[in-house]
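Colleague: Okay, here's what each chain looks like letter by letter:
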Amino acid sequence: MPISPPELLPPDLMSQLERLELVTRKVFRGRMKGERRSKRKGESVEFADYRNYTPGDDLRRVDWNLYARLDKLILKLFLEEEDLHFYTLIDASPSMAFGEPTKLEYAKRLAAALGFIGLVKSDRVVIETLGQGLRDRSPVLRGRKSVWRMLEQLSQIEPDQDGSLSEGVKRFCLRNAGKGVVVLISDLMDKQGYEPALKYLMAQRVDVYLIHVLSQEEIDPDVTGDLRLVDCEDQDFAEITVSAPLLSRYKQTLAAFTAGAQEFCSKRGMAYLLANNQMPVNELMTNYMRRRGLVR
Amino acid sequence: MLDGLFRNTLSPLQWSLMLAIPPAILALYFLKLKRMPIEVPSTYLWRKSIEDLRVNSFWQRLRQSILLLLQLLLVALAIFALLRPGWEGTELGGERIIFLVDNSASMGTEDVADAKDRLASAKKKVAGLIDQLDSSMSAMIIAFADTPHVVQQFTGSQGVLRERLESIELTSQPTNLLEALKLAGGLANPGQMTLQDSGVEVEVIEPVTTSLYIFSDGRFEDVEGFDLGGLDPSYVPLGSTDTANLAVTAFSTRRNEVRPEEREAFVQVTNFTEADQDVVVEVQLDGQFLDAKQASLEAGKSASLSFPLADAPPGRLTATIDAESLTAASDRLKIDNEAYAGLNRQEQGKVLLVTQGNKVLEAALSTERAGRIADLTVITPAGLDTEEYKRDAQSGEYALIIYDVCAPAEMPRSHTLFIGSRPPLAGWQGKPEVDAERFPQVIDWNRAHPLLAYVELSDLWIYESQLVDPPQGGTALIDSSNGPLMAIAPRDSYEDVVLGFPIIVYRDGSAMGNTRWFRRRSFPTFWLNTLSYLVGQLAGDAANQAEPGEPIEFRPVTNVPEVVVRSPSGAKTTLTRSGDTTFQFQDTAEPGVYEVLERGQVSKRFAVNLFDRQESDVRLRASQQEAGPGIDSIRIGYTDVTAEAGGAPARKELWQLLLALALVVLMAEWYVCNRRVYI
Chain A
1 MPISPPELLP PDLMSQLERL ELVTRKVFRG RMKGERRSKR KGESVEFADY RNYTPGDDLR
61 RVDWNLYARL DKLILKLFLE EEDLHFYTLI DASPSMAFGE PTKLEYAKRL AAALGFIGLV
121 KSDRVVIETL GQGLRDRSPV LRGRKSVWRM LEQLSQIEPD QDGSLSEGVK RFCLRNAGKG
181 VVVLISDLMD KQGYEPALKY LMAQRVDVYL IHVLSQEEID PDVTGDLRLV DCEDQDFAEI
241 TVSAPLLSRY KQTLAAFTAG AQEFCSKRGM AYLLANNQMP VNELMTNYMR RRGLVR
Chain B
1 MLDGLFRNTL SPLQWSLMLA IPPAILALYF LKLKRMPIEV PSTYLWRKSI EDLRVNSFWQ
61 RLRQSILLLL QLLLVALAIF ALLRPGWEGT ELGGERIIFL VDNSASMGTE DVADAKDRLA
121 SAKKKVAGLI DQLDSSMSAM IIAFADTPHV VQQFTGSQGV LRERLESIEL TSQPTNLLEA
181 LKLAGGLANP GQMTLQDSGV EVEVIEPVTT SLYIFSDGRF EDVEGFDLGG LDPSYVPLGS
241 TDTANLAVTA FSTRRNEVRP EEREAFVQVT NFTEADQDVV VEVQLDGQFL DAKQASLEAG
301 KSASLSFPLA DAPPGRLTAT IDAESLTAAS DRLKIDNEAY AGLNRQEQGK VLLVTQGNKV
361 LEAALSTERA GRIADLTVIT PAGLDTEEYK RDAQSGEYAL IIYDVCAPAE MPRSHTLFIG
421 SRPPLAGWQG KPEVDAERFP QVIDWNRAHP LLAYVELSDL WIYESQLVDP PQGGTALIDS
481 SNGPLMAIAP RDSYEDVVLG FPIIVYRDGS AMGNTRWFRR RSFPTFWLNT LSYLVGQLAG
541 DAANQAEPGE PIEFRPVTNV PEVVVRSPSG AKTTLTRSGD TTFQFQDTAE PGVYEVLERG
601 QVSKRFAVNL FDRQESDVRL RASQQEAGPG IDSIRIGYTD VTAEAGGAPA RKELWQLLLA
661 LALVVLMAEW YVCNRRVYI
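Line by line, the protein sequences give chains A and B.
Numbering-wise, the UniProt record's numbering puts 169 at position 169 of the first sequence, and it's gapless, one number per residue.
Numbering-wise, the UniProt record's numbering puts 197 at position 197 of the second sequence, and it's gapless, one number per residue.
Isolated chain B, as found in the complex:
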């Protein structure tokens, strides 16, 4: 028990020297007590007085000397402080310990009493546990946000652990505990392996139980599909259950519905507090104030605000929650008070339709909304042989080429959509056309794919269709009773969509509907989806957003082999590509607007934002039980990991308090000595 209360900090020799101090003070006091001589008329009365007090003269003398007592008290406090007394919240057990330290965005919340933010508090607690390691223990530190990161492998050195612990920095990323657990589970028992011996799995090394301390605010979903195995988890909650926060949870730009030539910015703010709030949001372009609006938010609700951008030039857009609103709401997390969007040059994607004549398709591609996205050009299949087409197709001039019942000799450098025909690629060459199915019945379609969003295809009448067998890596989008009718497959950095059935067929020189799809509402919706997905993705803003840490893919405006990406803080990264692939940028840890420079000129911008409601709702998970706002457990697989009582496993040290007391004693001694105060 005493081991828990005290920590030895001195060697036996140092202790013997330290313990010699009080007797030395006593000896000095009695031997070398400096008394001021003073002449008096007679010592007669004084002697009589002293005699009465000298019953136990030794102790009497001690009692009379408050200075001596203060000195002894001072030394006693110092010695006691050297013993480092304290309480241990949790007994650190086991030989192997893994500390999982959450450094996601929500850990920057400034709602802990003993440190700057939750991460600092977590580090403090981990340091407290590291102090309890003894020579037989080894520990490891893993920091985790979206991805886990081994800060320090297993080691018994407290110094190394402490040093590496300090290197953990706050990130802007969301939390993913599962990945961290997988890493911890793998590293906890690195020697564990199985041998296939006569078909029986044998564990070569017995798994060693490893204590796992998770320091987090619990802003993540319960972890499913993970077996803790040899991990013995403890959850240390950080933060408070009533911490308030205001967050920008979405920020994007789009064309104005009424005036398509104008753009507008949409900001969604969410109130993660227990009270209603009035929030003022300010939008800036390249640091210049554009507009500000106010929204009244009910507790826990969101509100959207739109800001007309008119004909604003390209630049970096910033949406910020006003400082006064933040103060009024006692906002504790800074990172989500600002959101970013890159405002790019507004260009329509060029779309080429190669058709013998397809009025319904042309009509669907020429609606007002489609016109905002795509600049449609129509040629006949005969045009495929012209030099102009060949040049444009190979230079990537078009964002999308639609081949209506025709096919080019060579695939263009663009997305393609084949209607009733197949790309001239080996992978797509399935059944020959003569095997066309009559009256195929649509039985299922991929509703999750952006091309088929809000597209209703049930009970669709089709006269005749080819079955589309996508190549490897492709996905069937519409399934019939006989096989897929539509599929999509990637090709280099492009995607090819094949629709098995034509919409209009020509029989005896007259156009006839091969399907009645064009009479249904889902038809224009599908084509609008197609344009949005395959064309708008290039020109629109939706694709120019990423979460911190998430890689972003982009295609340059011009055909350049390398581009430079400039981060919000000004750091430049040069990206190169081989062939006609897209560029992929990984280093998106920093929230803000990233700029892509092609030949020294900013060609486009993309934004990295933490739009994560889990991270922004910084209230510590509260218990749903009737007992009140207790701290709930987290669930890992089928195990409930209960929060540590009091949430503080770290050792509570008393030595600082003792030294402060010693200082007070020292001051009292000075006062007594100088002011001649007698008690």
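Same shape as in the complex, but just chain A:
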């Protein structure tokens, strides 16, 4: 049963989120003036810094008063207020349909919360579902008035049978050349590996946040007996006889998997957040993500 828009973003959560804003660690040029103080030094009234003139700079920004005093060409830099391109990529592969609540549902709640923060701060918010089809391609949303539209769009996201993480990311990158902040919400359960997908994003030179969503069933599997595990995506199967050594080995493998993803991200300047589907969204947003620097 699809989740309804009000459920995605309860009013009390909205009030908590209004005080937050998205943070980018890179300097981007916004296309339109936004309400945020950009890290890009540009044409505004708020002084930021000085730097030496290099040929090709706009002569209009030379501080002539300083030139008169120092006989040196020095540019006066101002902080530019700009909007932010904020993309949320939701992995809608069938594996995301597991858990209680499902990982996809959890991802939608996260996306709604993050999108709301962006819309409130007049950022350009794009929410995309990583599927083969183009039906879930999101319009660019901006402004508080688009919140409802965003929630509607999110509520309609369904698991995609053909979802492949790297393919989806690749298509996203081809369509969107612009820079900005990309939040990828995925369980990284891709037989081909998650690395190609992240490499595409890295090449795009966007500020990437990876939210790795895992369900409680994956972290601590409640399985016993002789089982035939069937992969919901490719119908691949693995026969296991659950035993204490196997469970222990699985947990070791999972820990290695998450640690590997974290290391991969940190080496490439991406932020990695591991989220359990049992963790309340508001707690995740206000504490966890704030500590990790995605919001402030």
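Just so you know, nobody snuck in bad clues.
Computed list of lysine to any residue pairs in SDA-like fashion (alpha-carbon distance at most 25 Å, straight line): (1) B:Lys48 to A:Ser248; (2) B:Lys48 to A:Pro245; (3) B:Lys48 to A:Gln192; (4) B:Lys48 to A:Ala256; (5) B:Lys48 to A:Asp220; (6) B:Lys124 to B:Leu187; (7) A:Lys251 to B:Leu67; (8) B:Lys334 to B:Ala323; (9) B:Lys182 to B:Ala127; (10) B:Lys48 to A:Arg249; (11) A:Lys170 to A:Pro94; (12) B:Lys48 to A:Glu195; (13) B:Lys48 to A:Arg228; (14) B:Lys48 to A:Ile219; (15) A:Lys251 to B:Ile66.
If you are wondering where the hints come from, they were derived from the structure by calculation, not from laboratory data.
Knowing the structure of chain A, use the given hints to seat chain B on it.
Modeller: For chain B alone, kept in the frame of chain A given last:
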């Protein structure tokens, strides 16, 4: 060695089928392992996990499946149980084996851990040895108590031996190993015989060595005068050296010394324990409570208790040790906790004295104690010719007739005692009277005979006496330097006693003492003995006792040709007699009071009791050595037969334990399967 550890129970075909089970389980496990399908987000992590564990995938899979391991363990235990592993206490050797199983009363002691009583334990051990018989062996079973009984002749059939072994039942009899050994020795080598060839004894067949296993608690004296010959004995002790028991070791009735018209019962209880005990004994008459008394018994000692019976009517008397006393003493043998006595009508025996006049004899027969036993009638020799005497003498009216210097024309139907005369029977007619010896000197007398108990005859002055030459079967009681002066001989069911010398003789019309015996204390004692033995035996209770299995002889009160004997359990046996003999009853296996019915009326009772201190002292013979309470050997002839080490020659089987373990494994499997427990 493996032969000793295992016993094959299956045929090769059955074994091959059995051994095919574990591979079949393995095959089924791998081929038909039913796995529950479950959909997961991704098998990605699981696959990686399995790969790490698949280094030795075959064994890894086995290790992970606790159910499979449990199943294999279950089958392995079952197969192992079929091999019947065990330890053998004793190697059963030889081709011929005799099992001597003690089934005497003491074998009913309930002090063995592995069975109900000692006999059951013995049977279990014998069964264990029977299981070890192989095709070249044959075995035989003899049960023994007072008398041995061949339970099964030599056979190689284990089934027959086992079946016959089960038929051995506990008896109430004492133990007599000698008889059993004689029987075993005779049966062990039945073909052995000697031929008199030119005066030389030749053994025709070489004796075959026969293994002899004696299963007993050793409650018997060492066997003397037996040569084991070809028997190779082993003694298997049964029981414990500290088993406690309380027993009634004697029970009888007699007249009260002070009030002769009353009777009293005497009970002797013995404490066969290591501690002092307080014992309460209860006496019942025909199931009705009469009296109870308490006695304090030191360890190993006896105590006597007397119970006044007043004018109790005839019936069955029972003396029982109180249940609480038995519990307190941890009594382990039941049979001797109760004793029986038959209380008969109290009648004096009639005694006829035929004499010309013998004051000293009349005085000796008229003492107070003699009066309790005998009702004396005195007649003169002239009375022998009267019809009344003839009728009474032939009807058995008198228990005893004493002929003082006279003799009847025909022997009466009663015991007789002749003084200075001889019975009118050919056997007694020795030297004529003229050959009377003057001043015979008494040189010996039979002190063991009841007639001469406590009778001192040394230095006895006798003026003149006939020599008494008893007929065949008779016994001389007093010997002089010239020949016997007194003898006793049986006649039909009676006994005739002849005293060679008169006590009083008449010379010239006046009485003179022929001996000075009547001036000595032994004189009344002798006559009291005579009355007790020849008269009291009929009326008193002493003769109405027998041990289990011992035949008992009795004379009916009235002159009837047949009587019925009713056993304690109610079984009736009809006894007939020819002529004037006594009745003899053989079937006294059951302890209790037997009743004799004459024309449908109970005329007398006799009791069968196990008054045997050897049987009642149920403590297993302990070693006298310093090593401690070890189990001693038994001595047969000049051979010491050492007790088997540990006392258990029987094979100790493990298969029951293995099957129990298999059951535990089965339960564990069920638990693992249902509760999903993982180790």
